[in-house]
Each structure stands twice: as structure tokens, then as C-alpha cells.
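Visitor: The chain contents come next:
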Amino acid sequence: MKEFLNRFNLLFIILTYISMMSALYEQINPFLVLFGLLCSVWRIVNFYGRLPLLGRSWLNFITITSSLVTIVIVYPLGLFSIMLHLIMLGFSLKFLELKSIRDVHVFVNTGFVLVALFFIFHYSIAMALVAALLILLLLAVLLSVHGGRLAGTHFLKLLLKSCLLSLPLAVLLFIVIPRLPSLWKMPLQQQASTGLSDSVSPGQIAELSRSSALAFRASFVGDPVPQSERYWRVMTFDDFDGQTWSASQSKKMQEQQAKQGLSVNLQLSTRKNSVDLIVEPHYNYWVPALDYSEPGFGRVSLSDYALRSTTPVVRREHFEVDLYQQIETKPLTTEERQQLLSLPAQGNLKTQDWVATKVKQGIDKQDILKQLLNDFSTKNFRYTLKPPALGIDHVDDFLFSTQAGFCVHYASSYLYVARLLGVPARMVTGYLGGEWQAENKFMSIRQYDAHAWVEIWQEDRWLRIDPTAYVAPERIEWGLEQSLSNSDEFLADEYFSLQKWRNIKLLNQLRTKIAQIDYLWASWVINYDNQKQLRLLQSWFTKVPWLNFFSTVLMIMLLLFLSVFLLIFKPWIRQKINAEDKLYAQLQRYYSKRGLRRQKGQTVTDFCQLASAKSSQPSTLFKSFSFKYNSLKYEVNLSASERKKRLKQLGFICKQLQKG
Amino acid sequence: MKKVFNPSDPFKRLIKQRFERWLTARLPANNSFTLNQKNIFIFPSKFGLQFLILGFILFLLGTNYQNNLILFVVFFLISFMVTCLLLSYQNIADLTLTANPITAQFAGQDSVFCLRITKKFDRGQKIDFYFQQPSSALKSVIKDQQVFVYGLSKTRGWFKPGRVTLRSTFPFGLFTVWTHLDFGLSVLLYPEPLNNGMPLVSASAEQTNKGLTNFSPGFEQFSMLKSYQPGESLKSVAWKQLAQGRGWFSKHFEQAQGGNVLLDLALYKNLDLEKKLSLLCFQIIELDRNDCRYALKLGNKTIAAGHGLEHKDMCLKALALYL
Numbered sequence: 001m002k003e004f005l006n007r008f009n010l011l012f013i014i015l016t017y018i019s020m021m022s023a024l025y026e027q028i029n030p031f032l033v034l035f036g037l038l039c040s041v042w043r044i045v046n047f048y049g050r051l052p053l054l055g056r057s058w059l060n061f062i063t064i065t066s067s068l069v070t071i072v073i074v075y076p077l078g079l080f081s082i083m084l085h086l087i088m089l090g091f092s093l094k095f096l097e098l099k100s101i102r103d104v105h106v107f108v109n110t111g112f113v114l115v116a117l118f119f120i121f122h123y124s125i126a127m128a129l130v131a132a133l134l135i136l137l138l139l140a141v142l143l144s145v146h147g148g149r150l151a152g153t154h155f156l157k158l159l160l161k162s163c164l165l166s167l168p169l170a171v172l173l174f175i176v177i178p179r180l181p182s183l184w185k186m187p188l189q190q191q192a193s194t195g196l197s198d199s200v201s202p203g204q205i206a207e208l209s210r211s212s213a214l215a216f217r218a219s220f221v222g223d224p225v226p227q228s229e230r231y232w233r234v235m236t237f238d239d240f241d242g243q244t245w246s247a248s249q250s251k252k253m254q255e256q257q258a259k260q261g262l263s264v265n266l267q268l269s270t271r272k273n274s275v276d277l278i279v280e281p282h283y284n285y286w287v288p289a290l291d292y293s294e295p296g297f298g299r300v301s302l303s304d305y306a307l308r309s310t311t312p313v314v315r316r317e318h319f320e321v322d323l324y325q326q327i328e329t330k331p332l333t334t335e336e337r338q339q340l341l342s343l344p345a346q347g348n349l350k351t352q353d354w355v356a357t358k359v360k361q362g363i364d365k366q367d368i369l370k371q372l373l374n375d376f377s378t379k380n381f382r383y384t385l386k387p388p389a390l391g392i393d394h395v396d397d398f399l400f401s402t403q404a405g406f407c408v409h410y411a412s413s414y415l416y417v418a419r420l421l422g423v424p425a426r427m428v429t430g431y432l433g434g435e436w437q438a439e440n441k442f443m444s445i446r447q448y449d450a451h452a453w454v455e456i457w458q459e460d461r462w463l464r465i466d467p468t469a470y471v472a473p474e475r476i477e478w479g480l481e482q483s484l485s486n487s488d489e490f491l492a493d494e495y496f497s498l499q500k501w502r503n504i505k506l507l508n509q510l511r512t513k514i515a516q517i518d519y520l521w522a523s524w525v526i527n528y529d530n531q532k533q534l535r536l537l538q539s540w541f542t543k544v545p546w547l548n549f550f551s552t553v554l555m556i557m558l559l560l561f562l563s564v565f566l567l568i569f570k571p572w573i574r575q576k577i578n579a580e581d582k583l584y585a586q587l588q589r590y591y592s593k594r595g596l597r598r599q600k601g602q603t604v605t606d607f608c609q610l611a612s613a614k615s616s617q618p619s620t621l622f623k624s625f626s627f628k629y630n631s632l633k634y635e636v637n638l639s640a641s642e643r644k645k646r647l648k649q650l651g652f653i654c655k656q657l658q659k660g
Numbered sequence: 001m002k003k004v005f006n007p008s009d010p011f012k013r014l015i016k017q018r019f020e021r022w023l024t025a026r027l028p029a030n031n032s033f034t035l036n037q038k039n040i041f042i043f044p045s046k047f048g049l050q051f052l053i054l055g056f057i058l059f060l061l062g063t064n065y066q067n068n069l070i071l072f073v074v075f076f077l078i079s080f081m082v083t084c085l086l087l088s089y090q091n092i093a094d095l096t097l098t099a100n101p102i103t104a105q106f107a108g109q110d111s112v113f114c115l116r117i118t119k120k121f122d123r124g125q126k127i128d129f130y131f132q133q134p135s136s137a138l139k140s141v142i143k144d145q146q147v148f149v150y151g152l153s154k155t156r157g158w159f160k161p162g163r164v165t166l167r168s169t170f171p172f173g174l175f176t177v178w179t180h181l182d183f184g185l186s187v188l189l190y191p192e193p194l195n196n197g198m199p200l201v202s203a204s205a206e207q208t209n210k211g212l213t214n215f216s217p218g219f220e221q222f223s224m225l226k227s228y229q230p231g232e233s234l235k236s237v238a239w240k241q242l243a244q245g246r247g248w249f250s251k252h253f254e255q256a257q258g259g260n261v262l263l264d265l266a267l268y269k270n271l272d273l274e275k276k277l278s279l280l281c282f283q284i285i286e287l288d289r290n291d292c293r294y295a296l297k298l299g300n301k302t303i304a305a306g307h308g309l310e311h312k313d314m315c316l317k318a319l320a321l322y323l
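These protein sequence lines are chains A and B, in that order.
Residues in the first sequence are numbered consecutively from 1, following the numbering used here.
Residues in the second sequence are numbered consecutively from 1, following the numbering used here.
Hints listed in this document are in silico derivations from the structure and should not be mistaken for laboratory results.
Wrong hints could be hidden among the right ones.
Derived pair list, reagent style PhoX-like, types lysine-lysine, alpha-carbon separation capped at 20 Å [said to hold, decoys possible]:
no., chain 1, residue 1, chain 2, residue 2
1, B, 240, B, 226
2, B, 120, A, 157
3, A, 593, B, 12
4, B, 126, A, 157
5, A, 582, A, 644
6, B, 120, A, 161
7, A, 99, B, 46
8, B, 16, A, 593
9, A, 161, B, 126
Keep in mind that this is a model prediction, so the values were computed, not measured.
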């Protein structure tokens, strides 16, 4: 039965298509967006009756060209992108040709796949609501097709009713069904990594500081680490070319190995506490680490105590990291020492002179470094997000002329001096501090908490020095906003960010509430895993005693039911049927097909008599069948061999009787 | 005594036979059915199966990307299916269908069968009704509390259109709810009326000799006065009597008062039996419309001359059932 679509159906279909397209707009190549736009324009014009639908050959032509163009355009973006774009293209083409109800079914199914792909990119509550709306629209399309003449409030009521009725079971399944591990590796979406980059030059972190985007969230199991110790380590740089700090070759090698899961073995001792991290996707491998973090499952350590995930963090990911008090260090090798002391040959003469004079004066290395830090706090140094530009010799420029800069400026200059003095040193970037949400006992670390500091090798261990602490101690104690002398610099570009307006009380309350909800969403929905499931169910069972009782009763009843079932039906006992009865039953089956059914109480002799009327076989054959059957059944003292013989005869007769 | 099986798909046919037998045992014929779990069947539709496959694909996607939100969508879709199952049952359950008595109809035309529906206000949405073995191209019509289902047969006699199928994919098309109900429907089909342009009665002079007069069109004779019924043509009002103050009367006329027409099957020679019956059928209808008296002779069965609706029905029934 071919059924056609009416305007009510088409209205929903067009609406669904446009919403789906706008929801996935960011992830889709402009070419495909344009194509989708054309499709919807054609459909809308068709809806108003101004244009016919495209013919078969036109559609074929469009299908082939658009898929070729899409593949050519998207090919370099990787497998995931190809998959996404082809599904989207299929969705668009189905939308364009859509005629019958079967087309609508394909359209809706593809729509659901797209909603699932939407969730690979988006995971916030707001986006989940958008996806819920998309699902609602898809279901509305189905209801408009199959719901007959429902319209208006009845239509909406039924739609919402069926969705709401489905929710409890869905939630229960979500809570109870155990999660499987990844069955096979899927292509990942390629996206530019966000947050800290793999090299740093003065001014770079200042850019990050303009963003209030969430980097990760942390909560402590046990005593929280004190504020001044919350240096979240991400990258370590040991190579300097005069402008930028980056990783040396051997460090890059280690990063590569880390991606394959090769971990550096750290000698950790005295467990302190552990920290729960929910890291926002940054499309890179790093996991922020406090000193000293144990790698654990799915993560590896680097020799600089940083943590790396074995897979890129492409969604909100949950990490549980154990923290330790002490670490055993190995002395530096000659190569390492060389790398940690290397400096470009040219440039920064003023600084070199300054260091040389101090050394000539016979001042101890450590004292010179201390003096530098002292200078930062006492002399005219400023902490600002908008430092003046520096020249080629930027250490010179910073130390002796501008004297205004951001954490990287201070760290970089300090490092330079330390290396000049022959103290092995390296630059560490990461995050410092974070906002503590006392109510839910978690802290949010945002991009503007990005920081850079220095580690120097002293007494066979790494010692953390934060030059910024000397120029702006508020940065360590209170965070970025308080440390800036000019508060306009804080989130200068984000006028609408609630972070910027946190001194307004109402807005601040709203902001913390949203942050709380989002945290719960992240930890209980996005990162709900088998462990959490086990803990939740266990807590239910301990909290609600009758649940335990209930499940026990249920189990006992189930067992009882099973045993009763087995006792009654005894599936292990097969009903034994005698050979002669089997033959008789065969005969009955044969004649019942020919319209003769044995009635209850009919003897075998009677039955054979009736059957002979229906058959062309001689009636004597029927008589001998009944005679043989009766003798087998009722004759006493029948010897085994005789019995066997007669059975054989009976079988033969039976076969004959089934021929006529 | 060998049965002739359709060689192309004996297996299908066997299954169909089994199914029919099972259906007869499970849903025996009845004049009225109330739909409940005993006579409704619910299976996932083709789209429902596709939907399940979709759920499985999304489950793989969600598991492989370790994405809880995708998994939630999967669980939602599964529980949505369960909800649909219940809603589709609710839509059709407690519907009561009763077959209305059917008057005889003509072969070769779509014969209409009427079922009365009793339902709650918003239940029984979008149900298709058709015969399990559809014979007519007309779709069933649902009007107020009645369903008109059409069947078509070209052969006269008793026509049994078989079981009525109810099918619905309400509300989301994920499940097909269906049942085959046997209302024991049967209708008497009169032969298809056939006008071959012959004079209304082929009666020859012999008939007149036998005392039956020929039919003469246009000849009308006043027969009696009856009390006037509202709705009757004003032309038939007996104005004279009204003017005399005797109240409203209508004049009735009778035609061919002079003699009866004999319709004899044997008079048509060299024709197919069905065609002969069709011709007779047409004549009976025409004679009845002109209010003539006529007798019918079918082989050795004779129906005495008469007129009126009952007489016509008797004659047509005789035609329909003539062997």
C-alpha cells in the first residue's frame, strides 16, 4: 500500500532537517552546509507548491557528484570526518528525495545516528537539551506519519506522554546496565588541541589567560592539597633557542613512547591522598599532575613527573590519580646535564655581563639567583597581561628595560640566568590554583589559571621556584584576578562571561550554581562508569535495607519457581513411545491429512476399517495391520525375537498403507 | 487422491494452511468481537526491526567511544519501543466490533459490509480495515461509528469474503497491531443485471394464448387511494378528494393490469447460463420498477406471478441460487 506524505508530515520533516543541520553546523564542511541549505530551500519552495520534486535521473546525478565532491574535500580530515560527512550527506539526499513513508523511516533512522554523533562533540547540559529537542522532532515526524489525524494539543500530548513514559525505564537501564569496554578502536575526530601548547614563548600564556573556558575540575579524596601547592604540571621544556622554550629531542622521544603506553618507572613512596580529575577535552594527551602522581590505568608517567593519557582526551574524561609524598631521584646523566644547561651562543649580552660581574664579585651561584628573585619583588617589576613588546634579546629587554611581564617572562629570565650560572634548570607549564567550590568540594581550573614556573636541580632533586610569586604573590594565594594591578585586563575580551562579573553577588551565585550542576552532570552522567555504578548500587543496598531483602526474596522466589517448573515438566524425562505406537501415530497423521481423524475412543480396528474406505489399498492389508498391532500390544508371553519380527512386518504394512 | 500443490512454493502454502487452521481454532467465527489480548497480535513492524538494528549500531558507537550520552540515547530508544508497544495495544484494545446484517447485493459490483464500532473517545486511531483476501479495489471507509469494508465477487450466489483484517501502526509505526476476525460474513449476490437491448419481455404470441398478456408500456390505470404520506410526490395527491374536505389522499396506479408476464429461462437459447440469468435479472428489475406483475420459471421451478418488493427478492434469490 503506497501512502503519501501530507503537508503536516512535510512541515515536521523540513523543521527537523533544518534543526539538525544547524546543530551540527560547526562540525560540517561549508560545502555540505551550503548543499544542505540548497536542499532545504528546494524543499520549502516545493512545500509552497512552486517547484516539483527532482526527477530520478537528476537525483542520481546529484548523489554521485555530491558524494564525490564531499569525499575529495573531506578526505584529508581523517576517517571520522569522512564518516560524519557521508552520513550527513545521506541525510540531506534522503531529505531531498523523500516521497514515501519508507523514505521517512530511513530519514528518521539516519537522524538518530546524527544525534549520536552530535554527542561525540558536545556533552554539556545545554547541548544535551538541544539533542533532546532533536530527538523529540524526529519522533514528532514519526507520529505525524503514523498518528493518523491527530493534531494540535492531542498530538503534542501523545508525543510528550510517550517520551515521559519512556524516561524511567531509560534511566533505570542507564544506571543498572554495566558498561562494556571499547570493543574496537574507532576513528577519532581530529581537532586542533586547545589549552597549553608544546612550546612556550613570553606572551603565549597571556593569550590563554583571556579565556575563562574550563580546563579541568578536581576533587580530593582525603585532605585537599594546600592552595600554595596546587601547581598542576603539564609540560616541561628544556630547550631554548633564544625566543621559545620547547622540548628537546630526547624529551620528544619520550612523548612519542608515552603515546604507545611506555611508562617511565617512578619510585614513589608514602601515599598522601588521591585526586579525582574531570578533564575537559583538549585533543591532546596530557593529564594535569600534582607532585607526585602515580600513573595508574590508562596513563603513563614521564621522567619529569608529568602524566600522559594513552589516548587523546577528546571528551570529558575522568581520571583518578593517587598522590605520593616522596620520590626517589636518580642523578643526572652527562647528556641530561648538558641539555639542561644549554643556551644559545648569541644574544642577551647585558644579562651575560650582569651575571659575569656578580660572579667576579665572588657571590655564590645560589645567592645570585636569590638576588634576582629579590629584584623582582623590590625593584620596579610589574605583573601584567599586556606587556610591551620585546626585541630579539628578550631577556635583556625584559630585565633591563620593560620590566613588565607575565609569568613566562619571569620564568624565562630566571631560567636563563640559572643556566648561565651552570645550574641545571627547566621550564614547567601547567595550571596554578583554581576556584574552590566549598559546597561540592571540588575546584574548577580554568584556562586563565595557566601558569609557567621553573625547576632547578639542587641537592640531587628538583626544586620548584616560581619567580612570579616574588613579583605578584597574590597570584599564588588568590589567583589571577587579584594579582592584576589593572583589573580591566582580566578577561578583557569576554564581556558576557559570568566569570568576569563575579563581584556582582547575584550573578556570582548563579554562576556557582551552574558550575555545581555542571560538575554533577560531568561526574554522574558523562563519566558514570562501572566503578561508580558498583558504588552507587552498593550504597543503595546499604541505605535501603528492604532493597536487600527484596532482592533476596526475589531470588528465592525465582529459584522456587525454577525448581517447581523442573519438577512439573521434568524436561530430562523423555516420554517413551513404543515402536508400534509410533507406527500407528504415523498412519493417523497420514490419514488425518486426507480428512480422516481418529476420534476419541475409536479402536485401531475401527480406525483401519474407516481408513480402508479412503484408500485404494486392499482392506485385508488394513485388517492385518490392526491384527498385528493388537497382538504386539496385548499378547502375553511374546518372545523378544518374535516381537522384533512382528514389528518389522508392522512397519512394512504401515509403509504400504501410506502409499494409496 | 493427490493434492495439487503450487509447485513454486509448497512450503509457503503449507505454512499458510497451518496458520489458517490455527487461526480458526483460536479465533472462531462470531458476530461480535471485543478486542483484547486474546485476539490481538503485536509484532515489530519492518521499521521496528530497523529501529532495533539502529539501537544496536548506536550501542556499538556509544560503547566504542565510551560515550554515556550516546548510551543513554540507546536506552531511551529501547524503552521508547516498550512504551510504543503498550500504546499501540492501548489504542486498539477494548474496541468492540459488531457485524451489521447485510442485504443482498449484485455480483460484479463492490458489495459493502458494515461493522459497527464501539470505542472510547480517543482510542481506535488510524486502523486499516480490509479483507484478509482483498477482492475489491475500494478502501474501507470509517464514518462515525461504522466501518464499511468492500468486497467484490463476480459470481452469483452466496459470497463469503472471509476474515476481516484490522491493522494499525499507530502511534509511531514501530509495531504492527493486527488481527484477522471472522464475523461469518456472507452475502447473497444476485446475478449481474445485463441489458442487451432486447424488448423488455421476449414474450411471444404463445404466451398470450396461454392467458398471459403482453406488457404494454405507458398503459396506466388507476388502482386505489391511499392515505397520503408526507414526502410523496404532490402530483399523486388526490386533489379532488382534498377539495371535498375528505383529507389527504394519494392516487395509486397499477400497470399491466391486464395480464402477467412470464419470464422463462428456457426461452433464451444458445446462450451461456450465467448470461441468461443476468438478462432475466435485468428484466425483473425493470419490471419491478414499472410495477408489473410477473412470474418466473427456472427449469422445473416456477414462481407464481406477483409483484412488489418481496416478490422481486424471491425471484432474484431464485436466480442467484439457481444451479
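Visitor: Holds or violated: residue 120 of chain B with residue 161 of chain A, Cα cutoff 20 Å?
Guide: Holds. Residue 120 of chain B to residue 161 of chain A sits at ~18 Å (cutoff 20 Å).
Visitor: Assess, step by step, whether the Cα of residue 120 of chain B is no farther than 20 Å from the Cα of residue 157 of chain A, and give holds or violated.
Guide: holds (17 Å)
Visitor: For the pair supplied as a hint, residue 161 of chain A and residue 126 of chain B, confirm whether the alpha-carbon distance does not exceed 20 Å.
Guide: Within the cut-off at roughly 18 Å; holds.
Visitor: Given the hinted pair residue 126 of chain B and residue 157 of chain A, is their Cα-Cα distance within 20 Å?
Guide: Within the cut-off at roughly 17 Å; holds.
Visitor: Run the distance test for residue 593 of chain A versus residue 12 of chain B: straight-line Cα separation, threshold 20 Å.
Guide: Holds, because 17 Å separates the two Cα atoms, which is no more than 20 Å.
Visitor: Check the hint pairing residue 240 of chain B with residue 226 of chain B against an upper bound of 20 Å on the C-alpha distance.
Guide: Roughly 14 Å between the alpha carbons, so the hint for residue 240 of chain B and residue 226 of chain B holds.
Visitor: Is it true that the CA of residue 99 of chain A sits at most 20 Å from the CA of residue 46 of chain B?
Guide: holds (18 Å)
Visitor: Hey, residue 582 of chain A versus residue 644 of chain A, does the alpha-carbon distance stay inside 20 Å?
Guide: holds (15 Å)
Visitor: Tell me if the straight-line CA distance from residue 16 of chain B to residue 593 of chain A falls inside 20 Å.
Guide: Given pair residue 16 of chain B, residue 593 of chain A holds - Cα atoms ~15 Å apart, limit 20 Å.
Of the hints listed earlier, there is not a single one the structure fails to meet.
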